[in-house]
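Using the sequences plus the hints, can you model the full thing?
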Amino acid sequence: MKTKLLRLAAAAAAFTAGAALAAPVTSPATVRSGPSKKWPVIATLPAGTDVTVVDCGGGWKRDWCHVQAGAVDGYVDAGVLAGVGNNVEVAPVTTNDDVNLYKGPGPSYRVLGKIPENTTVNQGACVYGWGETRWCQVNHAGKVGYVLESQLSRQNALFPM
Numbered sequence: 376m377k378t379k380l381l382r383l384a385a386a387a388a389a390f391t392a393g394a395a396l397a398a399p400v401t402s403p404a405t406v407r408s409g410p411s412k413k414w415p416v417i418a419t420l421p422a423g424t425d426v427t428v429v430d431c432g433g434g435w436k437r438d439w440c441h442v443q444a445g446a447v448d449g450y451v452d453a454g455v456l457a458g459v460g461n462n463v464e465v466a467p468v469t470t471n472d473d474v475n476l477y478k479g480p481g482p483s484y485r486v487l488g489k490i491p492e493n494t495t496v497n498q499g500a501c502v503y504g505w506g507e508t509r510w511c512q513v514n515h516a517g518k519v520g521y522v523l524e525s526q527l528s529r530q531n532a533l534f535p536m
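Heads up: take any position in the sequence shown, counting from 1, add 375, and you land on my numbering.
Source of the hints: derived by calculation from the structure; they are not laboratory data.
Using N, Cα and C, we set each Cβ at its ideal position, and we do this for glycine too.
One should not assume that every hint holds.
[Stated by the list, open to error] Pair by pair, the computed Cβ-Cβ distance ranges are: (1) G445 x S483: 40 to 50 Å; (2) K412 x S525: 11 to 21 Å; (3) E507 x G460: 35 to 45 Å.
Rendered as structure tokens:
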């Protein structure tokens, strides 16, 4: 089935929806009933989940894509999607550089370990911490801690956040 993905700049690209990938990995995408954070959460899709992109809108819903995956039908932040071959999937979260994993949301907390550059991590919620910076909870190698949000990105995202 061909689906149309309207880029934020109104350029169109076609993707073919394929079979779901085996064993979805980490860092879920939040699916909402409408195209903004004001709409209720209806589901989460793990990274690696194959999705059908119905539409990515301009204007008031410019940063949101309408997606379908199995029984899930809703909107995700456009920055969580990646093109993989002819498919679109929820992109995994990776580190942008070698990063410290802190026990809490800030550099004053104890360092639990280092995470190498380009490592896939399981990202949880992000909070404001030390110095009004955003820190995201991550799970890596059995350790749960915090990393600066700016040190994380969705790998191969179609619309980088």
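To see whether the hints hold, each was checked on the structure:
Hint check: G445 to S483, Cβ distance near 43 Å, so the stated range 40 to 50 Å holds. For the pair K412 and S525, the supplied restraint of 11 to 21 Å holds, since their beta-carbon distance comes to about 19 Å. The hinted window of 35 to 45 Å between E507 and G460 holds, with their beta carbons roughly 40 Å apart.
Checked against the numbered hints listed earlier, the structure breaks none of them; every hint is satisfied.
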